[in-house]
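Asks: One line per chain: the protein sequences are A and B, in this order.
Residue 87 in our numbering sits at position 87 of the first sequence, with consecutive numbering throughout.
Residue 220 in our numbering sits at position 220 of the second sequence, with consecutive numbering throughout.
Please keep in mind that the hints were generated in silico from the structure rather than gathered at the bench.
Ideal Cβ positions, reconstructed from N, Cα and C, are used throughout, including at glycine.
Keep in mind that the hints are not guaranteed to be accurate.
Stated by the list, open to error - To be clear about the criterion: a stretch of chain A counts as covered by chain B if any three or more of its residues have a C-beta under 8 Å from a C-beta of chain B, and this derived list gives those stretches: (1) 236–243; (2) 268–277.
Claimed, not checked - Straight-line alpha carbon distances no greater than 30 Å define the calculated DSSO-like cross-link-like pairs of lysine-lysine that follow: (3) Lys265/A to Lys212/A; (4) Lys69/B to Lys212/A; (5) Lys186/A to Lys69/B; (6) Lys212/A to Lys169/A; (7) Lys265/B to Lys265/A; (8) Lys90/B to Lys69/B; (9) Lys258/A to Lys265/B; (10) Lys212/B to Lys265/A; (11) Lys169/B to Lys90/B; (12) Lys212/A to Lys212/B; (13) Lys258/A to Lys258/B.
Protein chains: 2
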Amino acid sequence: MRIVLDAMGSDQHPGPDVEGAVLAAREYGDTIILVGDRATIERELGRHDTTGLTLEIVHAPQKIVMTDKPAAVGRGKPESSMHIGLGLVKDGQGDAFVTAGNTGAALAVATLHKLHRIQGVHRPALSTILSLGGQSIVLLDVGANTDTRAEWLLQYGLMGSIYAERALKRSRPRVALLSNGEEAGKGTALVQEAAELLTGSGVNFIGNAEPKEILHGQVDVAVMDGFSGNVMIKTLEALAQVVFDLIRQELMVDTRSKVAGLLAKPAFRRVHRQIDPFEIGGAPLLGVDGVVIIGHGRSNAVAVKNAIRQARLAVEGQVVDAIRQGLTQAPAIQEQSD
Amino acid sequence: MRIVLDAMGSDQHPGPDVEGAVLAAREYGDTIILVGDRATIERELGRHDTTGLTLEIVHAPQKIVMTDKPAAVGRGKPESSMHIGLGLVKDGQGDAFVTAGNTGAALAVATLHKLHRIQGVHRPALSTILSLGGQSIVLLDVGANTDTRAEWLLQYGLMGSIYAERALKRSRPRVALLSNGEEAGKGTALVQEAAELLTGSGVNFIGNAEPKEILHGQVDVAVMDGFSGNVMIKTLEALAQVVFDLIRQELMVDTRSKVAGLLAKPAFRRVHRQIDPFEIGGAPLLGVDGVVIIGHGRSNAVAVKNAIRQARLAVEGQVVDAIRQGLTQAPAIQEQSD
Numbered sequence: 001m002r003i004v005l006d007a008m009g010s011d012q013h014p015g016p017d018v019e020g021a022v023l024a025a026r027e028y029g030d031t032i033i034l035v036g037d038r039a040t041i042e043r044e045l046g047r048h049d050t051t052g053l054t055l056e057i058v059h060a061p062q063k064i065v066m067t068d069k070p071a072a073v074g075r076g077k078p079e080s081s082m083h084i085g086l087g088l089v090k091d092g093q094g095d096a097f098v099t100a101g102n103t104g105a106a107l108a109v110a111t112l113h114k115l116h117r118i119q120g121v122h123r124p125a126l127s128t129i130l131s132l133g134g135q136s137i138v139l140l141d142v143g144a145n146t147d148t149r150a151e152w153l154l155q156y157g158l159m160g161s162i163y164a165e166r167a168l169k170r171s172r173p174r175v176a177l178l179s180n181g182e183e184a185g186k187g188t189a190l191v192q193e194a195a196e197l198l199t200g201s202g203v204n205f206i207g208n209a210e211p212k213e214i215l216h217g218q219v220d221v222a223v224m225d226g227f228s229g230n231v232m233i234k235t236l237e238a239l240a241q242v243v244f245d246l247i248r249q250e251l252m253v254d255t256r257s258k259v260a261g262l263l264a265k266p267a268f269r270r271v272h273r274q275i276d277p278f279e280i281g282g283a284p285l286l287g288v289d290g291v292v293i294i295g296h297g298r299s300n301a302v303a304v305k306n307a308i309r310q311a312r313l314a315v316e317g318q319v320v321d322a323i324r325q326g327l328t329q330a331p332a333i334q335e336q337s338d
Numbered sequence: 001m002r003i004v005l006d007a008m009g010s011d012q013h014p015g016p017d018v019e020g021a022v023l024a025a026r027e028y029g030d031t032i033i034l035v036g037d038r039a040t041i042e043r044e045l046g047r048h049d050t051t052g053l054t055l056e057i058v059h060a061p062q063k064i065v066m067t068d069k070p071a072a073v074g075r076g077k078p079e080s081s082m083h084i085g086l087g088l089v090k091d092g093q094g095d096a097f098v099t100a101g102n103t104g105a106a107l108a109v110a111t112l113h114k115l116h117r118i119q120g121v122h123r124p125a126l127s128t129i130l131s132l133g134g135q136s137i138v139l140l141d142v143g144a145n146t147d148t149r150a151e152w153l154l155q156y157g158l159m160g161s162i163y164a165e166r167a168l169k170r171s172r173p174r175v176a177l178l179s180n181g182e183e184a185g186k187g188t189a190l191v192q193e194a195a196e197l198l199t200g201s202g203v204n205f206i207g208n209a210e211p212k213e214i215l216h217g218q219v220d221v222a223v224m225d226g227f228s229g230n231v232m233i234k235t236l237e238a239l240a241q242v243v244f245d246l247i248r249q250e251l252m253v254d255t256r257s258k259v260a261g262l263l264a265k266p267a268f269r270r271v272h273r274q275i276d277p278f279e280i281g282g283a284p285l286l287g288v289d290g291v292v293i294i295g296h297g298r299s300n301a302v303a304v305k306n307a308i309r310q311a312r313l314a315v316e317g318q319v320v321d322a323i324r325q326g327l328t329q330a331p332a333i334q335e336q337s338d
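Extracted from the complex, chain A is given alone in its bound form:
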């Protein structure tokens, strides 16, 4: 397999990105194509033992940074590592593209300039994979599209279900709609309309779910509009930070607490691992015509390696072809006047 990695992606690039590529090449035996400034990547690679690994470099003279506006980079930085990397996937020289860079930019470049949508897809959706207590839950859309239509939610359900089945190996994934109550009839007009469309669509739609049910793993795929989805994942991230900051702070105030903190370290490490987004590493942009995995800007090397792992799973599971086929086979889900 040939995985294309944006070497200029993470906040600390190229360190975590290049090290993640080295780890992945070693663990999976795949070819990793590093895209970015050649000299910088070579220097970084020099710090690792790459004996026996297949690591290629493709030079990209520009890079996209976190402060770049997604709307401006498409034509504004045509030689960026994202453009060139996604171009390699488009031309069949790579099987998947992985980046820990600017999410909005990756979305724009992939959707509008390089891979484009799979035929029949209304809107590609950005997903997040939560890993809680060892179970993976796919959430989508978490921010690609704000004002959303019910037919898009229907497609999110289909695409998320295919991903959960083929990449995460769930059989007959349970698909639910995020809502403000479990009962049918709860939710906005959008949610109610989407529930009707999902019922009898062929996906295993189990109804509405509140955040509690989602976080407790009672669903495999949680479908939501990109605005609520974004609010939900950013709330998760912000609260986790607040809680751990408070704990850290309170475990410093006196000797007893400090001793407790030292003794509790392994336990906290285990807790952290169970809610750590870096254990998954990245999540797919679903609906574009190619495998694209987007990781967190704060990714470390292990997170980058794990994002590459997600890319492998999606390629092996032939997720893109399955979505293409799924759209054709489910006439109710095909593109309507849009």
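Starting from the known structure of chain A, arrange chain B on it as the hints suggest.
Replies: Structure of chain B alone, referenced to chain A:
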């Protein structure tokens, strides 16, 4: 001051409710009017020392439970403790109504059957007061109205601002719109329209805020549609539960962790207190013509007492009159064709 308390509200009623009333009467010296089944309340009161306290009982032959459908109770249980309690406030026999019962039912009975809306209010909004690191942040709407219009969000901003100023003693409260990005222009069409209305409305509108800014107390009032707001507060609640469950579990796996857990107890108690919703006790239903404070079903006695404290603050701050006046003085905020 005369505070009316739904004695049949909390999940464990009437224990926590009655004990909360006793605590409040003792601490604040107010008259607390307990509404519910007289015999039950008398029996419960008998377990406490009520010497010198002014506690009255008003009998209500029906009670609303958590599984009751809000749409059905309005006419279905006209003699419930909520109906009778809210009726006392309507008739001027009480200054405020406090309940830890079924939120949807309280909303329906208050809005549609008893107090009704303040003239000019499009839709009453349900608020939550987050208390993080000692700072209080008002979130509204967290679930009264799902499909929302921009003019309603404008009014939520005004009402939240008045509450923060008059009950929480914030001067010139910072009001922000929940969005998926801080930059102007981010958010749904609804958010963008509301931002325009809030700009120059007289409230101290500081723009968009993401969950992170809200949780870090960079805003005093966070305005949101009831669907996203409900998703946000339920995500907070669910994640906090998941994290503390994981910590509890991991601090039990071996002797070292168990010792750490014992030593860390005071620190965890301090953390807990800083994110404990029961420290606030309850939050106002804003826009109805009377002070209504709704607490969590799981409230204990201290939470009920604190909810009564919120009611006192709202009465003292003359929040309802201030909202009535605010709507009159801000022509842009007055009722439009609805």
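Asks: Take the hints in turn and mark each one as holding or not.
Replies: These are the hints, each one checked on the structure:
1. 236–243: holds (count 8)
2. 268–277: holds (count 5)
3. Lys265/A to Lys212/A: Holds, because 27 Å separates the two Cα atoms, which is no more than 30 Å.
4. Lys69/B to Lys212/A: Roughly 21 Å between the alpha carbons, so the hint for Lys69/B and Lys212/A holds.
5. Lys186/A to Lys69/B: 12 Å, holds
6. Lys212/A to Lys169/A: Measuring from Cα to Cα gives roughly 23 Å; hence the hint holds.
7. Lys265/B to Lys265/A: 15 Å, holds
8. Lys90/B to Lys69/B: 23 Å, holds
9. Lys258/A to Lys265/B: 12 Å, holds
10. Lys212/B to Lys265/A: Judged against 30 Å, a Cα distance of about 26 Å means the pair holds.
11. Lys169/B to Lys90/B: Holds: Lys169/B and Lys90/B sit about 26 Å apart, inside 30 Å.
12. Lys212/A to Lys212/B: Within the cut-off at roughly 20 Å; holds.
13. Lys258/A to Lys258/B: The given pair, whose Cα atoms are some 15 Å apart, holds under the 30 Å limit.
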